[in-house]
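Engineer: Going down the list, the protein sequences come from chains C and Y.
Quick note on numbering that gives the first Met the number 0: the first sequence kicks off at 0 and runs consecutively.
Quick note on numbering that gives the first Met the number 0: the second sequence kicks off at 0 and runs consecutively.
Errors might be hidden in some of the hints.
Pairs count within a copy or across copies, as identical chains cannot be separated in the list.
Simulated crosslink set (DSBU-like; lysine-lysine; CA at most 35 Å straight-line) [stated by the list, open to error]:
1) Lys261 <-> Lys223
2) Lys223 <-> Lys141
3) Lys54 <-> Lys273
4) Lys54 <-> Lys278
5) Lys54 <-> Lys187
6) Lys278 <-> Lys187
7) Lys138 <-> Lys26
8) Lys223 <-> Lys54
9) Lys138 <-> Lys261
10) Lys138 <-> Lys248
11) Lys26 <-> Lys248
If you're looking for bench data, these hints aren't it; they were derived computationally from the structure.
Protein chains: 2
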Amino acid sequence: MSETAMRLAILGAGGLGKAAVQIVSQKRSLHLVAICDSRGYAYNPSGLDVQAIMKLEPDQSLAGIPGDGKASTDSIGEIIKLGSSEIDGVLIALPNLPNEFIPGIIERFIEAGFETAFSDALKRTSAMEQMFRLTPTLKQVKSTYITGAGASPGLLTTAAVLAAQSYMEVEAVDIWWGVGISSWEEYKATVMEDIAHLPEYNLEKAEAMSDEDVERLLDARDGKLELHNMEHADDLLLELAGVVDSRDKVRVGGIIDTSNAKKPVSTTMTLTGKTYDGKTSSHRFILGDETCMAANVIGPALGYLKRARWLKDNGLYGIYGSSQFMPMMVG
Amino acid sequence: MSETAMRLAILGAGGLGKAAVQIVSQKRSLHLVAICDSRGYAYNPSGLDVQAIMKLEPDQSLAGIPGDGKASTDSIGEIIKLGSSEIDGVLIALPNLPNEFIPGIIERFIEAGFETAFSDALKRTSAMEQMFRLTPTLKQVKSTYITGAGASPGLLTTAAVLAAQSYMEVEAVDIWWGVGISSWEEYKATVMEDIAHLPEYNLEKAEAMSDEDVERLLDARDGKLELHNMEHADDLLLELAGVVDSRDKVRVGGIIDTSNAKKPVSTTMTLTGKTYDGKTSSHRFILGDETCMAANVIGPALGYLKRARWLKDNGLYGIYGSSQFMPMMVG
């Protein structure tokens, strides 16, 4: 552990949380000290044993980790109790079901006076609106939070802010993503959140589904979900950054294939605008097909967490959108 | 003029400087108060008449602007004399011939205690190294400077930092640009700097060429210059941001067609890396062919200037690379 390494807590140990553990284990400047799931948590100030976490069965709780694991009915409360003297940054890799789940957790951190840096991969506009309401209280406790720091919103939103620099007026931002996973169970929460975007579904309806319900739905669709006009906070973040004057200029959709790790389409952000000399054109940012969802969500989320810590260390507190700052490289 | 508009000075009135004037005239939050060329300058605290600047003949000095224009053999000295109480931001649109020209100008601002925000579109690595040596003195005078804030380095470099977030290790960053201009005289300084990158040329040799020499060279090459392995500060900026561990992983080249406004190739940044799960892949950022060089250089440079001002207003002084921050939208 280098002296300047960030002591990290990860909230959530599903598909994305586990991928985060793997990525963090390959980064010298990050030092995983705490992680929790709904049934327990693991903590070790000298660093958690990544292999022990990866060896857990898919349905086994972190409570089962020999030595460092403990069962708890309020594992997030346990992380909060550790205190900000033990944790330099918190990566939130929790599913946001229901919509007020993550904002509610942050309120608990604030109430406890927990002073740190946070990032999340929150997706829904309505959830992010709740997050931004926490600005004054986050400032009071001297915490800094970057929200929407995954792939979309996150990486692709920030690429749109960059692309917008060439234009006088932005006419449209189209985000069209492709995700391929070998089984839906690998990323249960992500798939549930995606189902909630289907025209005939919503968050409550998706949350109430059993595993068998989900499998029936996926089977009927050949394992694929094609989503259009998704409620994604790219619109709020691009409005906040001044890229669009109206949220309806931002359109997000995509295809997730839950039966094939190969992406069904290339994830692409296309920004169309008008230049100072009256030309209409489009800049594009295209993710390599071989990069999986976890690489494109967790990589940026950690880069933004480092930026959140930088902001905090420079006395800039409160909540920011991923569209407002560059993620930093995490070595 | 809105109360929060940035009072802007532009150094340089060549092709890029003139394009900057046009772009600034379409931005409500920027207020052009001063501009200079080698033979004179124009100043008006209530805002310069953009039409009067655009009406000047290509070879006519700003000194010829009725009312606001004045001849001077030290026009940059005249801008410095205006003082930082009159200017909120300085956009440097000067050719950097010779290599120490722009660093030398900034030293003059520093010596005068001029406290403001700056951005430039500097290209050469060796020139940018000189710029970074000014860090301590820029901090002393409470100025903030973002360097390499054009297209390459600038827009494309920052896209590389974003793209790198998905990868554990970056293997290569390839920037391949295309520029089309209807005549070389429109962007004389840019073409001269490009000629200096040809294998058999250097900055001194390019600087010594007459207009007839340049025309002969371009005619012999069908109006096109194809450049490989250019000395471009994208390498330094990506090393600084931690994207590459070695500058030779960054390659910059491109084609400029001086006889056709249509781009000969699409400007593309390709970043290739290895993911946490061992895959090799590439993210790409592609500029729309209809966007001209000026839109892609001056747009970002103004966005970074606004960011430099934001940093200064938050007490963060010194020099930063474009790879370290997001440009802000300029409304």
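Engineer: Run every hint past the structure and note whether it holds.
Structural biologist: Against the structure, the hints:
1. Within a single copy, Lys261 and Lys223 get their C-alpha atoms as close as 12 Å, which meets the 35 Å cut-off; across copies the closest is 41 Å, which misses it.
2. Neither within a single protomer nor between protomers do Lys223 and Lys141 lie at most 35 Å apart by alpha-carbon distance, with minima of 43 Å and 56 Å respectively.
3. Taking the shortest Cα distances, Lys54 and Lys273 sit within 35 Å of each other only across copies (24 Å), while inside one copy they are farther apart (53 Å).
4. When the C-alpha separation of Lys54 and Lys278 is checked against a cutoff of 35 Å, the pair qualifies only between copies, where the shortest distance is 22 Å, while the shortest distance within a copy is 56 Å.
5. Proximity of Lys54 and Lys187 under a CA criterion of 35 Å is satisfied intra-copy only: 19 Å inside one chain copy versus 63 Å between copies.
6. With identical chains, the CA atoms of Lys278 and Lys187 are at most 35 Å apart between copies only, with a shortest distance of 23 Å across copies and 45 Å within one.
7. In this assembly of identical chains, the alpha carbons of Lys138 and Lys26 lie at most 35 Å apart whether taken from the same copy (29 Å) or from different copies (32 Å).
8. In this assembly of identical chains, Lys223 and Lys54 lie within 35 Å of each other by CA distance solely inside one copy; the values are 29 Å within and 59 Å between copies.
9. Within a single copy, Lys138 and Lys261 get their C-alpha atoms no closer than 43 Å, and across copies no closer than 50 Å, so neither meets the 35 Å cut-off.
10. In this homomeric assembly, Lys138 and Lys248 come within 35 Å of each other (Cα to Cα) only inside a single copy, at 31 Å, whereas the closest approach across copies is 41 Å.
11. Taking the shortest Cα distances, Lys26 and Lys248 sit within 35 Å of each other only across copies (20 Å), while inside one copy they are farther apart (38 Å).
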